[in-house]
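Enquirer: Sequence:
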Amino acid sequence: MPHAHHHGAHGHHHHDKLTYAVFINILLTIAQIVGGVLSGSLSLVADALHNLSDAGAIFIAQLARKIANRPANETMTYGYQRAEIIGALINSTTLILIGAYLIFEAVSKVFNPEPIDGWIVVWIAALALIIDVITALLTYFSGAKTSMNIRAAFIHNVSDALASLVVIISGSLIILYQVYWVDIVATVLISLYVIYHGSLLAKESMNILMQAVPNHITLPEVVDFMKHTTEIKDVPHIHIWQLDEHKIMLDAQIILGNQPNIDLARLKLALKETFHISHATIEIVNSAEKLDTCYISAS
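Residue numbers (our numbering): 1 to 299.
It is possible that part of the hints are untrue.
Stated by the list, open to error - In silico DSSO-like cross-links for lysine-lysine, where the CA-CA straight-line distance does not exceed 30 Å:
hint: 1; residue 1: LYS203; residue 2: LYS247
hint: 2; residue 1: LYS227; residue 2: LYS247
hint: 3; residue 1: LYS17; residue 2: LYS247
hint: 4; residue 1: LYS268; residue 2: LYS145
hint: 5; residue 1: LYS247; residue 2: LYS233
hint: 6; residue 1: LYS247; residue 2: LYS272
hint: 7; residue 1: LYS227; residue 2: LYS66
hint: 8; residue 1: LYS145; residue 2: LYS66
What the hints assert, rightly or not - Here are the computed distance ranges between Cβ atoms for each label pair:
hint: 9; residue 1: VAL285; residue 2: LEU200; range: 38 to 44 Å
hint: 10; residue 1: THR146; residue 2: THR281; range: 44 to 50 Å
hint: 11; residue 1: PHE111; residue 2: THR146; range: 43 to 49 Å
Think of the hints as simulated: they come from the structure by calculation, not from any bench. Ideal Cβ placement from N, Cα and C applies to all residues, glycine included.
Sequences and hints are given; from them, build the entire structure.
Expert: Shown next as structure tokens:
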């Protein structure tokens with residue numbers, strides 16, 4: 001029977017919190033769209049679209065987490081843990097697309113200005129701010145610290161809370177000073193913030209999916225550590241990547257120096273303690289057996 005690595009994701013019991021957050025965001029989106037249309041405020045409609053994306057983000061996060069919790073099997077030997085990374089990538093991409101669309105709408109409104117009812121904007125945005133804070137807390141306590149997938153949904157909600165705050169400020173300026181252009185500026189600021197955080201999350205997700213070396217590790221330092229810790233003459237072949245945001249993997253070939261043997265268990269433990277490498281596959285070879293060099297030393 002083929003060997004399967006049992007890397008099942010830890011179970012989470014936060015389904016209800018995320019479900020409540022989805023329904024709250026949908027109701028808020030409807031209220032904001034109605035308020036935006038009645039008041040003529042683009043920034044309020046922008047906030048509504050962002051809220052709708054929040055509901056979608058939380059739903060995707062829920063679905064991805066459910067898939068990720070499936071155990072490994074003979075076909076999916078690593079399990080389904082990367083489902084959460086894919087969920088994070090989808091959510092971060094939607095953040096970028098929504099931000100770009102809202103900037104386009106803001107520029108269009110420069111050439112087609114409309115009157116705005118500041119009071120409707122302020123009251124709806126104030127309601128939105130309260131709900132955004134509640135949904136942000138719900139997603140945060142559903143595992144935002146430990147899951148990139150949930151963190152993406154959390155950032156959706158936090159950025160929307162900030163967006164609501166910006167809308168309140170712009171609505172107040174419209175009431176006090178009739179400065180209608182501030183609505184367009186507020187929309188652009190919201191959009192840039194959304195794009196920025198979406199880009200950071202997308203990059204982090206893509207690095208894992210493309211099996212990049214984790215940010216806190218460099219190949220030269222790992223190779224140097226292996227050489228100085230044990231009697232290793234050379235490391236001609238090495239790969240380091242992340243299975244998900246918590247599990248770091250290593251695959252390497254080593255050539256020994258004067259010692260005919262090496263304590264691989266001790267080396268793997270040292271790699272785990274120093275670089276948090278949770279799973280290492282290390283093969284001892286001689287110069288004739290080594291694979292094509294997959295690592296070029298900086299020395």
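Enquirer: Next pair to validate is LYS145 with LYS66; report whether the Cα-Cα distance is within 30 Å.
Expert: 18 Å, holds
Enquirer: Regarding the pair LYS203 and LYS247, is the alpha-carbon distance no greater than 30 Å?
Expert: Holds, because 18 Å separates the two Cα atoms, which is no more than 30 Å.
Enquirer: How does the Cβ-Cβ distance of THR146 and THR281 compare with 44 to 50 Å: does it lie in that range?
Expert: Violated, since THR146 and THR281 (Cβ atoms, about 26 Å apart) do not stay within the stated range.
Enquirer: Does the Cβ distance between VAL285 and LEU200 fall inside 38 to 44 Å?
Expert: 40 Å, holds
Enquirer: Taking 30 Å as the top limit, are the C-alpha atoms of LYS227 and LYS247 close enough?
Expert: Holds, because 23 Å separates the two Cα atoms, which is no more than 30 Å.
Enquirer: With the threshold set at 30 Å, check whether the alpha-carbon distance from LYS268 to LYS145 stays at or below it.
Expert: 27 Å, holds
Enquirer: Check the hint pairing LYS17 with LYS247 against an upper bound of 30 Å on the C-alpha distance.
Expert: Between LYS17 and LYS247 the Cα gap is close to 26 Å, so the pair holds against 30 Å.
Enquirer: Starting from LYS247, check that the Cα of LYS272 is at most 30 Å away, please.
Expert: OK: LYS247 and LYS272 at ~11 Å, within 30 Å.
Enquirer: Does the Cβ distance between PHE111 and THR146 fall inside 43 to 49 Å?
Expert: For THR146 against PHE111, whose Cβ atoms are near 47 Å apart, the range 43 to 49 Å holds.
Enquirer: Does the alpha-carbon distance linking LYS247 and LYS233 stay inside the 30 Å limit?
Expert: 28 Å, holds
Enquirer: Measure nothing beyond the straight line between the CA atoms of LYS227 and LYS66; if it is 30 Å or shorter, mark the hint as holding.
Expert: Violated - the C-alpha atoms of LYS66 and LYS227 are around 42 Å apart, more than 30 Å.
Figure legend: structure checked against the earlier numbered hints; hints not met, in rising order: 7 and 10.
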